[in-house]
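Residue numbers (our numbering), protein chains in the order written: chain A, 116 to 228; chain B, 17 to 125.
Check before you lean on any hint, since a few could be wrong.
Quick list of in silico lysine-lysine cross-link-like pairs, DSS-like style, CA-CA up to 25 Å [stated by the list, open to error]: (1) B:Lys117 <-> B:Lys73; (2) B:Lys117 <-> A:Lys172; (3) A:Lys170 <-> A:Lys133; (4) B:Lys73 <-> A:Lys118; (5) B:Lys89 <-> B:Lys73; (6) A:Lys186 <-> A:Lys168.
Since the hints were derived computationally from the structure, they do not count as laboratory data. The structure displayed is predicted, hence computed values, not measured ones.
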Amino acid sequence: DVKVTQSSRYLVKRTGEKVFLECVQDMDHENMFWYRQDPGLGLRLIYFSYDVKMKEKGDIPEGYSVSREKKERFSLILESASTNQTSMYLCASSLDSRSYEQYFGPGTRLTVT
Amino acid sequence: AQRVTQPEKLLSVFKGAPVELKCNYSYSGSPELFWYVQYSRQRLQLLLRHISRESIKGFTADLNKGETSFHLKKPFAQEEDSAMYYCALRNQAGTALIFGKGTTLSVSS
Numbered sequence: 116d117v118k119v120t121q122s123s124r125y126l127v128k129r130t131g132e133k134v135f136l137e138c139v140q141d142m143d144h145e146n147m148f149w150y151r152q153d154p155g156l157g158l159r160l161i162y163f164s165y166d167v168k169m170k171e172k173g174d175i176p177e178g179y180s181v182s183r184e185k186k187e188r189f190s191l192i193l194e195s196a197s198t199n200q201t202s203m204y205l206c207a208s209s210l211d212s213r214s215y216e217q218y219f220g221p222g223t224r225l226t227v228t
Numbered sequence: 017a018q019r020v021t022q023p024e025k026l027l028s029v030f031k032g033a034p035v036e037l038k039c040n041y042s043y044s045g046s047p048e049l050f051w052y053v054q055y056s057r058q059r060l061q062l063l064l065r066h067i068s069r070e071s072i073k074g075f076t077a078d079l080n081k082g083e084t085s086f087h088l089k090k091p092f093a094q095e096e097d098s099a100m101y102y103c104a105l106r107n108q109a110g111t112a113l114i115f116g117k118g119t120t121l122s123v124s125s
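Extracted from the complex, chain B is given alone in its bound form:
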């Protein structure tokens, strides 16, 4: 079965604290994983994908096949990081994305 699990509905941290948004997946073969973000009153947009191995807005995510995880991390959270974050997996057919239920990140000063 193909599935994406984001165990936390809400994650609240203080500005400057480290952030880790958890994502676990279930997939047969080599998965393609993504993080999408939706800031308040803005469109959902791609944040990063595992293949690129890049850092976007200070966020990184490493694919751990052993733990079937793709956690999103940032060493020092900023208030502008407050948003809804979705982890997504390309389906086996390669035609669509399977999204997790999302985690709301709230960063306060």
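Just chain A, same shape as in the assembly:
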């Protein structure tokens, strides 16, 4: 069974803080993704990675950066958190680029005050 875990279920941060969201998968998947999920806007892709140290911008990368130093771990970084980054953040992984199925983590509900 594929397991994707995220470091926190709930997080509250102050405006201007640097925020790290961690995601770990245990199935040796090549691809990892970060989305944000907002009511009425659906899932929007922030960044994805298809290999260690490789990253690609998604649809809404502004205000975010990512890090993938190890295959199993993909970190999302908010350099200076803002209130409009309050959201549910979902991490996902897939075996490789040919794979059709993405496996999702439980999500991190981030509130920026």
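Starting from the structure of chain A, add chain B where the hints point.
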């Protein structure tokens, strides 16, 4: 442009009634389409994909290239079908999925 449109934010039906969740897409070439589902307090998960042409939990979805649609259907809704449903399209580069805005299905008795 690659795009997925789910026109309904909320669909409310009674138990036993037929369900159709609408999905339209914009894509050049042969699309790969999927339905993902998120039950309350559970993870988002794949429900079905158009290539497999299978029925999962009684749901089916047929790709209609002429109408650029991939609607999700079930003949008799159950209360446990209540969830958020997302239609998704693999992007042209084949590297990621483009999700629609989602439709909340509410089935009541």
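We went through each hint and held it up to the structure:
Restraint check for Lys117 (chain B) and Lys73 (chain B): satisfied, since their Cα atoms lie roughly 22 Å apart, inside the 25 Å limit. Simply put, Lys117 (chain B) and Lys172 (chain A) have alpha-carbon atoms about 20 Å apart, close enough for the 25 Å limit, and the pair holds. Proposed proximity of Lys170 (chain A) and Lys133 (chain A) is supported: the alpha carbons are some 20 Å apart, at most 25 Å. Restraint check for Lys73 (chain B) and Lys118 (chain A): satisfied, since their Cα atoms lie roughly 23 Å apart, inside the 25 Å limit.
Between the alpha carbons of Lys89 (chain B) and Lys73 (chain B) the distance comes to roughly 11 Å, so the proposed pair stays at or under 25 Å and holds. Under the criterion of a C-alpha separation no larger than 25 Å, the hint pairing Lys186 (chain A) with Lys168 (chain A) is consistent with the structure, at around 9 Å.
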